[in-house]
Amino acid sequence: MEHRDEAPREGVTEMVNNGAPDVEVVARVLGGDGEAFGILIRRYEPGLLRFATRMLGNPDAAADAVAESLVRAYRHLAQCRDPERLRSWLYRITGNRCRSHLARRHTNDISLSDAPPLADGSDTWGDLERSEQVALVERALAALPAEKREAFVLKHVEGMSYEEMAAVTGARIPTLKMRVHRAREALLAALEEVVR
Amino acid sequence: MSPIDPRLQEALDGERDPGELPTDLREAHARLIAAAQLVSGTPQLSVAARVMAEIRQNPARVEAGSPLLRSIRWLGRPVTVRLRPAWTLALAAGLAAILLLPFGPGGPVPGVTKFVGHFPGARSVEVVGSFNDWSRGALALNDDDHDGIWHADAVLPAGQHEYMFVVDGERWVPDPLAGRYVDDGFGEGQQNSLLIVRPAAAQP
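Protein sequence lines, in the order shown, are assigned to chains H and B. For the first sequence, the residue numbers in our numbering are 1 to 196. For the second sequence, the residue numbers in our numbering are 1001 to 1204.
Think of the hints as simulated: they come from the structure by calculation, not from any bench. Hints are not guaranteed to be accurate.
Stated by the list, open to error - Partial list, derived from the structure: chain H residues whose beta carbon lies under 8 angstroms from chain B:
| # | residue |
| --- | --- |
| 1 | G19 |
| 2 | V23 |
| 3 | L30 |
| 4 | E45 |
| 5 | P46 |
| 6 | V66 |
| 7 | H76 |
| 8 | Q133 |
| 9 | M178 |
| 10 | R184 |
Stated by the list, open to error - Computed footprint of chain B on chain H; a stretch qualifies when at least three of its residues, placed anywhere within it, have a C-beta under 8 angstroms from a C-beta of chain B:
| # | stretch |
| --- | --- |
| 11 | 47–56 |
| 12 | 67–74 |
| 13 | 78–88 |
| 14 | 141–151 |
Unchecked claim - Simulated restraints on C-beta separations:
| # | chain 1 | residue 1 | chain 2 | residue 2 | range |
| --- | --- | --- | --- | --- | --- |
| 15 | B | E1020 | H | E35 | 16 to 26 angstroms |
| 16 | H | E35 | B | A1140 | 44 to 54 angstroms |
| 17 | B | A1034 | H | P145 | 41 to 51 angstroms |
| 18 | B | A1030 | H | T175 | 23 to 33 angstroms |
| 19 | H | E35 | B | E1027 | 49 to 59 angstroms |
| 20 | H | E192 | B | P1176 | 18 to 28 angstroms |
| 21 | B | A1152 | H | R75 | 21 to 31 angstroms |
| 22 | H | A189 | B | R1171 | 26 to 36 angstroms |
| 23 | H | D60 | B | D1145 | 39 to 49 angstroms |
| 24 | H | E163 | B | D1147 | 51 to 61 angstroms |
| 25 | H | G159 | B | D1005 | 43 to 53 angstroms |
Quick reminder that beta carbons are idealized off the backbone N, C-alpha and C, glycines included.
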């Protein structure tokens, strides 16, 4: 991965996160202040990178997807019909980009080579190191179909309401609830199967 | 995989107090919440510098923010002709009649694209599209006689253009008379209107 940069320093992140509302920043960018787009990047890239990483199972692929999405968002910022819901719009673009990446792999599932190794089945949950617990959950997430993985991540990792998830995915709320419910069932089953 | 108790789903959806769950469901609730927290860490990387470099390298969208620059650029592009039908039958018939006339002195001006929309009661209507980088405030429609029919002329280059009407500065509306539409690429099944401008040499 050639273009990965260091994460922003905490002070910088705080400064940009405490700044003007999205609507004002969007207006500045549309008014010709392209540098102001950096404020929006710093504000939303941690969540977008987290979301894309969980969707693609690979930080490098996630970085590519997020970078492409942010450039696309900049180019089409005037098409953002409701800047007050900029976060949903950015997640929607990133979700679409992740789906494109997955489609190029000819499968909706994350390749097992991308997922961390399985924990030893003889262990109990409490016996596992935190890194092993993380690896186990990542692998269980990776085994989910993309739509269910996306629904679970938006709900439980990004903490979105079903209304915002609908804005991000374009799916109806009952459909999203069903996907989240099925994802929970699959995850719980996977966790109980591996760690008893 | 078997269905999990609906009470657990309700608790996870915030519709039920987890403390009211039986012990086994409470444990399952805690396990799922803990699993989500385990993968909630923020990756220690940033694409900010990469994205800003790309933007600075090709700041086309920002440049498009100046109406004067856009106008100058449009005037420098190849001249084409396209006329659009009107919203109302009468105006559509009138425009159709104009389309049938041969170009010449007194005829329609080559290079002009006419946008027409019926928006009674609207305070403002403008067109944004791929031809002006979706910039607001670049091409306003007028309704001088207050009949609800808004129109504007623009010179567009040959090719395919996506566009939308923006009504009262906030409502994005596809052109019902466009005839062709394409997905806007941002999910939700939203569509942009499609306008195809033929090269001047191909005009009848």
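Hint check results:
no.	hint	result
1	G19	violated, 15 angstroms
2	V23	violated, 12 angstroms
3	L30	holds, 6 angstroms
4	E45	holds, 6 angstroms
5	P46	holds, 4 angstroms
6	V66	holds, 5 angstroms
7	H76	holds, 6 angstroms
8	Q133	holds, 5 angstroms
9	M178	violated, 10 angstroms
10	R184	holds, 6 angstroms
11	47–56	holds (count 5)
12	67–74	holds (count 4)
13	78–88	holds (count 3)
14	141–151	violated (count 1)
15	B:E1020 / H:E35: 16 to 26 angstroms	violated, 52 angstroms
16	H:E35 / B:A1140: 44 to 54 angstroms	violated, 28 angstroms
17	B:A1034 / H:P145: 41 to 51 angstroms	violated, 23 angstroms
18	B:A1030 / H:T175: 23 to 33 angstroms	holds, 27 angstroms
19	H:E35 / B:E1027: 49 to 59 angstroms	holds, 51 angstroms
20	H:E192 / B:P1176: 18 to 28 angstroms	violated, 54 angstroms
21	B:A1152 / H:R75: 21 to 31 angstroms	holds, 24 angstroms
22	H:A189 / B:R1171: 26 to 36 angstroms	violated, 46 angstroms
23	H:D60 / B:D1145: 39 to 49 angstroms	violated, 60 angstroms
24	H:E163 / B:D1147: 51 to 61 angstroms	violated, 39 angstroms
25	H:G159 / B:D1005: 43 to 53 angstroms	violated, 23 angstroms
Hint check: violations occur at hints 1, 2, 9, 14, 15, 16, 17, 20, 22, 23, 24, 25; the rest are consistent with the structure.
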